[in-house]
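Q: Letter by letter, the chains look like this.
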Amino acid sequence: GESVGLHLPTLSVQEGDNSIINCAYSNSASDYFIWYKQESGKGPQFIIDIRSNMDKRQGQRVTVLLNKTVKHLSLQIAATQPGDSAVYFCAEILQGGSEKLVFGKGMKLTVNP
Amino acid sequence: NAGVMQNPRHLVRRRGQEARLRCSPMKGHSHVYWYRQLPEEGLKFMVYLQKENIIDESGMPKERFSAEFPKEGPSILRIQQVVRGDSAAYFCASSPGYSGYSYEQYFGPGTRLTVT
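These protein sequence lines map, in sequence, to chains S and F.
Going by the numbering used here, the first sequence opens with residue -18, and the numbers climb by one from there.
Going by the numbering used here, the second sequence opens with residue 63, and the numbers climb by one from there.
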């Protein structure tokens, strides 16, 4: 069954604000985590990933934090822009498993101008 | 460099018909994955294939669904005798395989299947 889920189904922010999207996972054997962004009518688009031996990873305007103690993953988006409006998914891969991604349900981010 | 291509983008089938969904992976990618997405839900894994081999089909329904990735040509997801519950968006992803750090999968635009 699903082991990855999101705390917040929707998030509305003002343009320029920072956004934080949270994700909980239940499988301590998960080795790799990835965030995808999906715009309406399109396929998921890679944002950033992180391995379980890391706590933090930064990209352009995005940061992923991993807390293995509480099995929590978060995506931080700095200076949120209207183009960031989309549904965001976290996904995981189990250590020693096949390369299948286990996705959470998704959270919709709306950025107001 | 073309991304993952899927066709058709939209497919309408009557109950009992067959649906064939095609996926051409990115150039140089030998790993293909199929996922299904219901409205307002996340993607659910169906099957993982490499050329001519099914690696993991743990997400495939036991009946009516099959997938292949032949030596030449696209990967095909086939659904026989479709039912209304098969209506969903079907996404294909590809990867070059584990890189030593990343398992990143590149997704296509999806095929929206509607069963009437």
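These aren't lab readings, by the way, just hints derived from the structure by calculation.
Please read these numbers as outputs of a predicted model, since none were measured by experiment.
We treat Cβ as the ideally placed atom computed from N, Cα and C, and that holds for glycine.
Check before you lean on any hint, since a few could be wrong.
Think about it this way: if two alpha-carbon atoms lie no more than 25 Å apart in a straight line, the pair counts; the simulated SDA-like pairs of lysine to any residue are [as the list claims (entries may be wrong)]: (1) S:Lys23 with F:Pro101; (2) S:Lys89 with F:Gly90; (3) S:Lys86 with F:Lys133; (4) F:Lys106 with S:Pro94; (5) S:Lys23 with F:Leu73; (6) S:Lys23 with F:Gly90; (7) S:Lys49 with F:Gly162; (8) F:Lys133 with F:Glu119; (9) F:Lys113 with S:Lys86.
Covered by chain F, per the in silico footprint, the following chain S stretches (three or more residues, Cβ under 8 Å) [to be verified]: (10) -5 to 7; (11) 77 to 91.
Q: Evaluate each hint against the coordinates.
A: Consistency of the hints with the structure:
| no. | hint | verdict |
| --- | --- | --- |
| 1 | S:Lys23 with F:Pro101 | 13 Å, holds |
| 2 | S:Lys89 with F:Gly90 | 33 Å, violated |
| 3 | S:Lys86 with F:Lys133 | 34 Å, violated |
| 4 | F:Lys106 with S:Pro94 | 33 Å, violated |
| 5 | S:Lys23 with F:Leu73 | 16 Å, holds |
| 6 | S:Lys23 with F:Gly90 | 23 Å, holds |
| 7 | S:Lys49 with F:Gly162 | 21 Å, holds |
| 8 | F:Lys133 with F:Glu119 | 19 Å, holds |
| 9 | F:Lys113 with S:Lys86 | 30 Å, violated |
| 10 | -5 to 7 | violated (count 0) |
| 11 | 77 to 91 | holds (count 9) |
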